[in-house]
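Trainee: Given next are the chains, with one letter for each unit.
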Amino acid sequence: MNRAQYARLVGTYGVLIALAALILFGWWRYDNFLSAFNVTTVVRYNAMFALIALGMCFVIMTGGIDLSVGSTAALGSVAAAMASHYGMAAGIAGGVGAGLLVGLVNGLLVTRANIMPFIATLSTLLAASGAALLLSNQTSVPISPTSGFMLVGHGMLWIIPVPAAIAMVAYVLGAILLNYTSTGRTVLAIGGGEDASRLMGLPVERVTFLVYLASGALAGMAGVLLAALGFAGQPTEGVGWELFAIAAVVVGGTLLTGGSGSVLTTLAGVLLLGILFNVLNFENGKGWISLSAAWQSVVRGLFLLGVVLLQARLTRQNTRSV
Amino acid sequence: MIDAASSRSDSRPGASFDFFAFLARYGTLIALLLLIVFNLFFTRNFATLQTLNVNLTQVCTIVIVATGMTLVIATGGIDLSVGSIMAIAGALAPLIFLSPVFGENVALAVSVGMVAAILAATLCGLFNGWLVAQFRIQPIVATLVLFIAGRGIAQAMTNSNLQVFRVPEFQWIGLGRPFGIPVQVIIMVVLVIIAAWMLRRTRFGRSILATGGNERAAELAGIAVKRTKIAVYAISGFCAGIAGLVVIAINSASDANLVGLGMELDAIAAVAVGGTLLVGGRATILGTLLGALTIQLVRYTLLANGVPDAAALIVKAAIIAFAVWLQQQRRA
Chain U
159 MNRAQYARLV GTYGVLIALA ALILFGWWRY DNFLSAFNVT TVVRYNAMFA LIALGMCFVI
219 MTGGIDLSVG STAALGSVAA AMASHYGMAA GIAGGVGAGL LVGLVNGLLV TRANIMPFIA
279 TLSTLLAASG AALLLSNQTS VPISPTSGFM LVGHGMLWII PVPAAIAMVA YVLGAILLNY
339 TSTGRTVLAI GGGEDASRLM GLPVERVTFL VYLASGALAG MAGVLLAALG FAGQPTEGVG
399 WELFAIAAVV VGGTLLTGGS GSVLTTLAGV LLLGILFNVL NFENGKGWIS LSAAWQSVVR
459 GLFLLGVVLL QARLTRQNTR SV
Chain B
772 MIDAASSRSD SRPGASFDFF AFLARYGTLI ALLLLIVFNL FFTRNFATLQ TLNVNLTQVC
832 TIVIVATGMT LVIATGGIDL SVGSIMAIAG ALAPLIFLSP VFGENVALAV SVGMVAAILA
892 ATLCGLFNGW LVAQFRIQPI VATLVLFIAG RGIAQAMTNS NLQVFRVPEF QWIGLGRPFG
952 IPVQVIIMVV LVIIAAWMLR RTRFGRSILA TGGNERAAEL AGIAVKRTKI AVYAISGFCA
1012 GIAGLVVIAI NSASDANLVG LGMELDAIAA VAVGGTLLVG GRATILGTLL GALTIQLVRY
1072 TLLANGVPDA AALIVKAAII AFAVWLQQQR RA
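Residue numbers (my numbering), protein chains in the order written: chain U, 159 to 480; chain B, 772 to 1103.
Same shape as in the complex, but just chain U (with noise of 0.2 Å):
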């Protein structure tokens, strides 16, 4: 096997052995790390950065960046937050139809205008945040409480929460989209040369617009489950969630350049830097050591830094070898 290779199969599964070993460490150290309890709480509430990460993985395997996915979220809080009023169902075509809204402007702004995705969805993001301001008059919503919207937050299925549930719908659906379907080839073809991928006659332009419109959709769902969680859509929330996804994106081995990328990975990603807060709490509660939140953000920052350059030195060799 050569370096490329080898530095290959590092990053594409170093993040699951990294996220094996990490449960290992939690398993023997601490009583409870893998009661039920721990587990639940862990997955129900990451279920949420899960659905923003797999949006925004597909957005960045295209070449693109979606900074619009925060706030995003707060917008579908606040919308799922009222329309739970008329039902379970009202409530989640609101928060997600806010998010598709967002995913459209995104879209449109991206293919139609030719404005660097950066940009477009900087001002989607102050754009949705304005929004969700107007929409709840500055406020905390309450979503209804008798229209059995909490469930989908609350809710358990069998063993599992809803919202992981939802999460793990998402991947399944995600990685089947990537691997097996034209428009997934095609995502990965825009991200590896744009104009190549046009030259070749693929729809450039409706694939990334459909990209764009998921990852709004998924934001917009990752709200449902915040307002679900929280029993009110939260419209100053989800500030940094964006940043949050692209380190879970990162950590998870795709390439912020684009044109490869695997669902999995990112999953992996997104769990491998909830559990680290998870850990980090548990350690708290030995007793050895006080980390306070702000030492877990720093913590959380050297990790990002660990996995960048471990990546950068592979990355390196490997166009080394070329």
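Hints should not be assumed to be uniformly reliable.
[Said to hold, decoys possible] Per label pair, the in silico range of CB-to-CB distance:
1) U/337 with B/995: 22 to 32 Å
2) B/807 with U/418: 45 to 55 Å
3) U/244 with B/987: 55 to 65 Å
[Unchecked claim] Facing chain B, from chain U, some residues (calculated, C-beta under 7 Å):
4) 287
5) 288
6) 452
7) 462
8) 464
Just so you know, these hints were derived from the structure itself, not from any lab.
Beta carbons: idealized from backbone N, C-alpha and C, even for Gly.
Put chain B on the given structure of chain U with help from the hints.
Mentor: Here is chain B on its own, set in the frame of chain U:
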């Protein structure tokens, strides 16, 4: 823009008057002038010194950060960590000048505090530049590290406590008014002039644009690409450090959770509206100043005429998208 320091020539021989090109070139300036005229007629008490002061003091920190950001973007990079760096500088300075080590010597305490804070901010920038230049990590990811960790560092330094202080010697940089001009406005103007001069007239400035225009070609032409990159991130950190100090001086308090929050987006928006290409190779510091002023004045105009802040956000978003779209037409 007016001083579009460009690595290639814009003049097309024989081109007739192109409305879009004209609008793209001077659009920001025209928009700013239109806004001022509109306000003169419709906003009460607009033409007063107080209005000018309010707007300038509000826009100052954004312009200071955006100046450094313009240089980073000119090399084809981006700096997401500026807000967190502001928080670090804002947390460190009061820790030093409030500490009992210096006893009664306030002047020494304040100067050590300010120098240390700006130094720390510059070091953060150097770290960013090191990641980008040495390890060839994409700027978004490289600066994401400090974006996440930096605010945590600031919070950890202060135990997430609010630091309140009343030190006129220090707060002079935020509240002082020699000849009626706020000190931070003077700082802003000086920084803008130095940066604009540097970008247009010095070898370093040309290196920045060459690096952003075509990195490989610049390297082959003998330009120290790595050093240039490290330098622009260090400058961006330096500017963020100054902005952090100004913010806490105005507030008479430093809250590591809030200082510089969201600043990276405001600064990038100002740079983009100002006409600097986000892919690098072309930059205008004066444009960035105009961009920041335009965004600020739009917000002020809306607020002064009773439009809620949330709606102003949406308008701001539309302006950013429109301005960048307009500049696209010029290149097309």
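Trainee: Taking the hints in turn, state whether each one holds.
Mentor: Going down the list of hints, with the structure as the test:
| no. | hint | result |
| --- | --- | --- |
| 1 | U/337 with B/995: 22 to 32 Å | violated, 44 Å |
| 2 | B/807 with U/418: 45 to 55 Å | holds, 50 Å |
| 3 | U/244 with B/987: 55 to 65 Å | holds, 58 Å |
| 4 | 287 | holds, 6 Å |
| 5 | 288 | holds, 3 Å |
| 6 | 452 | holds, 3 Å |
| 7 | 462 | holds, 5 Å |
| 8 | 464 | violated, 10 Å |
In this structure, the earlier hints numbered 1, 8 are contradicted, and the remaining ones agree with it.
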